[in-house]
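Engineer: Chains V, R and W supply the protein sequences, listed in that same order. When you line the first sequence up against this note's numbering, it's residues 4 to 279, in that order. When you line the second sequence up against this note's numbering, it's residues 46 to 385, in that order. When you line the third sequence up against this note's numbering, it's residues 2 to 253, in that order.
Read the hints as simulated data drawn from the structure, not as lab findings. A hint or two may mislead.
Stretches of chain R that chain W covers, calculated by requiring three or more beta carbons in the stretch to come under 8 Å of a beta carbon on chain W [as the list claims (entries may be wrong)]:
hint: 1; stretch: 97-106
hint: 2; stretch: 111-125
Reference listing, derived: stretches of chain W covered by chain V, where coverage requires no fewer than 3 residues with Cβ under 8 Å from a Cβ of chain V [claimed, not checked]:
hint: 3; stretch: 6-15
hint: 4; stretch: 81-88
hint: 5; stretch: 94-107
hint: 6; stretch: 111-119
hint: 7; stretch: 131-142
hint: 8; stretch: 208-219
hint: 9; stretch: 229-239
Here a beta-carbon is modelled for each residue, glycine too, at the ideal position from N, C-alpha and C.
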Amino acid sequence: MNRVRAIALTPGAAVIVVLFLIPLAITCAYSALTRGAYFGLGPPWTADNYRRLADPLYGMVFLRSFALAAASTAICFLLGFPLAVFIARSGRRKNLYLHLVILPFWTSQLVRIYAWMFLLRETGLANGILQALGIIRAPLPLLYNDGAVLLGLVYAHLPFMVLPLYAALERLDPNLLEASADLGARPWTTLSRVMLPLAAPGIRAGAVLVFVPCLGAFLVPDLLGGGKSIMIGTVIQNQFTTARDWPFGAAMSLVVMVIVLVLLWVGAGRRGEDLL
Amino acid sequence: MTRRSLLLAAAGAAGCGGNRARRLNVFNWSEYVAPETISNFEREFRVRVRYATYESAEEMLAKASTGNSGWDVVFPSNSYIQPMASAGLLARLDHKRLPNLAELEPFFQSPPWDASLSWSVPYMHSSTGIVYDASVSPPPVGWRDFLSERFRGRVTMLDDPNEVIGACLKQLGYSLNSCDPAQLAQARNLALEQKRHLRAYLNAEVREQLVAGDVLMAQLWATTAQIGIDARPSLTYVYPIEGFALYADCAVILRESDRVELAHEFINYLLRPQVSARIAAAMRTATPSAGARRLLPPSLRNNPTLYPPPETLARGEWFTALPPAGQRLRDRIWTEIKTA
Amino acid sequence: MKRALALYAVAAYAFLHAPLLILAAFSFNRSRYTVWTSFSLDWYRAAFRDHQLREGAWNSILIAVTATTISTAVGALFAYGLWKRRSRWLSASLYLSLITPEIVTGVSLLAFYQWIFQFWRLHLGMCTVVFAHVSFCIAYVVLVVAARLRGFDPGLEDAALDLGATEWGIFWHVVLPYLKPGILAAALLAFTVSIDDYVITSLVAGVDSQTLPMVIYAMARRGVNPVVNAVSSVIVFGLGAMILISERLRAS
Numbered sequence: 004m005n006r007v008r009a010i011a012l013t014p015g016a017a018v019i020v021v022l023f024l025i026p027l028a029i030t031c032a033y034s035a036l037t038r039g040a041y042f043g044l045g046p047p048w049t050a051d052n053y054r055r056l057a058d059p060l061y062g063m064v065f066l067r068s069f070a071l072a073a074a075s076t077a078i079c080f081l082l083g084f085p086l087a088v089f090i091a092r093s094g095r096r097k098n099l100y101l102h103l104v105i106l107p108f109w110t111s112q113l114v115r116i117y118a119w120m121f122l123l124r125e126t127g128l129a130n131g132i133l134q135a136l137g138i139i140r141a142p143l144p145l146l147y148n149d150g151a152v153l154l155g156l157v158y159a160h161l162p163f164m165v166l167p168l169y170a171a172l173e174r175l176d177p178n179l180l181e182a183s184a185d186l187g188a189r190p191w192t193t194l195s196r197v198m199l200p201l202a203a204p205g206i207r208a209g210a211v212l213v214f215v216p217c218l219g220a221f222l223v224p225d226l227l228g229g230g231k232s233i234m235i236g237t238v239i240q241n242q243f244t245t246a247r248d249w250p251f252g253a254a255m256s257l258v259v260m261v262i263v264l265v266l267l268w269v270g271a272g273r274r275g276e277d278l279l
Numbered sequence: 046m047t048r049r050s051l052l053l054a055a056a057g058a059a060g061c062g063g064n065r066a067r068r069l070n071v072f073n074w075s076e077y078v079a080p081e082t083i084s085n086f087e088r089e090f091r092v093r094v095r096y097a098t099y100e101s102a103e104e105m106l107a108k109a110s111t112g113n114s115g116w117d118v119v120f121p122s123n124s125y126i127q128p129m130a131s132a133g134l135l136a137r138l139d140h141k142r143l144p145n146l147a148e149l150e151p152f153f154q155s156p157p158w159d160a161s162l163s164w165s166v167p168y169m170h171s172s173t174g175i176v177y178d179a180s181v182s183p184p185p186v187g188w189r190d191f192l193s194e195r196f197r198g199r200v201t202m203l204d205d206p207n208e209v210i211g212a213c214l215k216q217l218g219y220s221l222n223s224c225d226p227a228q229l230a231q232a233r234n235l236a237l238e239q240k241r242h243l244r245a246y247l248n249a250e251v252r253e254q255l256v257a258g259d260v261l262m263a264q265l266w267a268t269t270a271q272i273g274i275d276a277r278p279s280l281t282y283v284y285p286i287e288g289f290a291l292y293a294d295c296a297v298i299l300r301e302s303d304r305v306e307l308a309h310e311f312i313n314y315l316l317r318p319q320v321s322a323r324i325a326a327a328m329r330t331a332t333p334s335a336g337a338r339r340l341l342p343p344s345l346r347n348n349p350t351l352y353p354p355p356e357t358l359a360r361g362e363w364f365t366a367l368p369p370a371g372q373r374l375r376d377r378i379w380t381e382i383k384t385a
Numbered sequence: 002m003k004r005a006l007a008l009y010a011v012a013a014y015a016f017l018h019a020p021l022l023i024l025a026a027f028s029f030n031r032s033r034y035t036v037w038t039s040f041s042l043d044w045y046r047a048a049f050r051d052h053q054l055r056e057g058a059w060n061s062i063l064i065a066v067t068a069t070t071i072s073t074a075v076g077a078l079f080a081y082g083l084w085k086r087r088s089r090w091l092s093a094s095l096y097l098s099l100i101t102p103e104i105v106t107g108v109s110l111l112a113f114y115q116w117i118f119q120f121w122r123l124h125l126g127m128c129t130v131v132f133a134h135v136s137f138c139i140a141y142v143v144l145v146v147a148a149r150l151r152g153f154d155p156g157l158e159d160a161a162l163d164l165g166a167t168e169w170g171i172f173w174h175v176v177l178p179y180l181k182p183g184i185l186a187a188a189l190l191a192f193t194v195s196i197d198d199y200v201i202t203s204l205v206a207g208v209d210s211q212t213l214p215m216v217i218y219a220m221a222r223r224g225v226n227p228v229v230n231a232v233s234s235v236i237v238f239g240l241g242a243m244i245l246i247s248e249r250l251r252a253s
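With the rest of the complex left out, here is chain V (with noise of 0.2 Å):
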């Protein structure tokens, strides 16, 4: 077995020690080093990039963008799990409702938060409708809170979530149910006690698979969001564009991604299992 598991394994390794450790290696480095008299990078080597992170204002940050990418993996979840489930009893046309699902996210992603900016905003669709209906007098401000932010990364990422679960649930066998059922078990307790526990490894996946992008993101932040409330994907993002501060957002970014890990083994040493 050991010699298939060898050659299975090298490609990937490949791919990853030279796609992205080594990439990874160079950020570190960059985080130690220092920012050049207007842009780019160089020595002396330093631990001040860090110091400054210490910073109460980007803990802030962070805590504001992990709440919100942490409600928007919940909205996901919510909204993603029946939509799997329907898609994963549909027989012959599991792959045409799956293709459905991935089909509108084969266009920009620009193009579809532009989409939700025409519909939300004043002279927008949404309001538009609202007003013909009579049931509201003035527009709505639907764009440029928080709201608008939530629901632009709730539909981004959706698909992400349905996917994993799909892939999950594909191979939970009907008997299973069926058998729930005839020992007398109500549809919530099948639903929780033999449903989710077995589509567990595709909720992780769908989970960490929503989380980390969305607390990274920039773009719906920024265009729904009116660029009014800054998450932690912003400000890394102006460090290598406007302040041109690459080693900070090198450090930044690092210290982000360790918190995330801390987090996500965490979460995977309660079960005692491994992640993947």
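Following the hints, put chains R and W in place on chain V, whose structure we already have.
Structural biologist: The following block gives chains R and W in isolation, referenced to the frame of chain V:
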């Protein structure tokens, strides 16, 4: 190998060999050339131009500073010229190959950021001011109007730290490029107060909202504002009374380029009065070329938004490169403003 | 229960598709604003004539197909390899690559390429973009395939061994068929992530490798542009038609 694949391979090789036509790679801001500018250049000089656009100077800088981005001519703003030159990113310009430099206005022949034009050639210039709708009454006169209650939720500012902090500094009577911590702290407090009334921090996308009527007043660049005014004549652009920012985008040749002569020819072509005038008319940019300005139709030549009278211009201040400490302070202030 | 689920699915699909359907509707609008004036195909004509858009679309598809193929093949194998022989540091690296903000991945890859270009005289181009895409797609693939693998009964492998199958035979004839739905889902995910990527691509793209997101971003950044609406409608309806046709063919 089948005969077919051999033929295809030969055709491919011939195609590669035949593509010896001269190439030039130009990286410019978006909406900065007229539709036929590049194709006319290609035809006249028998060159193929790879023309791509960017939305932010940092995007271009990130590529250019690698030293092998593949671009020949880029268009940084004036405040980046000296830093780029000091970092060895730019090729020195050969004025013998740029006879059309004489067409530039006297000021732009020796601008403060590059007195002998050894590195850059001014391309188009603009300013940052206030654009508002006619329904706003009384009309705004300066940055102080952004603190007014009557616009709550219908005003925007640019999503750029230097622009927002600059406007606040000007309102307090300080220099646009100040790095003094006390002055910056005051500017920050002003910006925080302003933020309460703001709808959002928006860049060029606010133009469409102004035209649609969602936004009543915005901090915006003259060029973008003019395009909005064309679409909705009830909009007006005003130069703030407390002072405002000026900037110029300049053409530079990257040192990594191995097509320096062709790049010079391209820049010289852009300096031609007819070409510059055509771009300015089509894209509503303000040309630094006196010769081009003479060729513009009177409505554009004397357009107060793009070419303000000297008394107004005197209130303006050019962006300059900032030292690292100042940059760091401003970035922190920007994060504070955004987090509030 | 089944009816409620189906109703919910309809609502969910409506949520997913509504914004784009509305964009598509307005792409037929003569005016560029929300006010409906008259039916017009002008924006579609403009979109097809725009050679930047055509080139961007071609580059995007080429890059996405290449990157998806490579990352799905390598990633599926990798997930299989990791399944029995758990490697802490490989799993950790995989997670790290997922939780790295895109801007950091882009910048670190740019720095890496810069360092390599000192030894070989190369430029940024399609290859640099494809490798960058593979580097972030592979984590998604492994995650999805591994989730699928968790439900695989190891007893099947042992049974096949007892029956005299080779290691490779077991992988090919026992494990792989079981993995197919997971691999398909993973490939779909990888393709989606690749074709939509803006941040990393814009940093490592060369002079000749403008992708569709880059072109659209530039156009859309300047406000509502119906040409963008037209392009997205073409993509959605074109791909949708392709999928329906392929489903029809498969069912027959």
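Engineer: Does each hint hold? Answer for all of them.
Structural biologist: Each hint, compared with the structure:
1. 97-106: holds (count 5)
2. 111-125: holds (count 6)
3. 6-15: holds (count 6)
4. 81-88: That given contact holds, which follows from 7 residues of the stretch 81-88 of chain W lying within Cβ reach (below 8 Å) of chain V.
5. 94-107: holds (count 13)
6. 111-119: Contact hint for the stretch 111-119 of chain W vs chain V: holds, 3 residues under 8 Å.
7. 131-142: Our answer is that it holds, as 6 residues pass the Cβ test (under 8 Å) against chain V, meeting three.
8. 208-219: holds (count 4)
9. 229-239: Answer holds; 6 residues pass the 8 Å Cβ test.
Every hint from the earlier list agrees with this structure, and none is contradicted.
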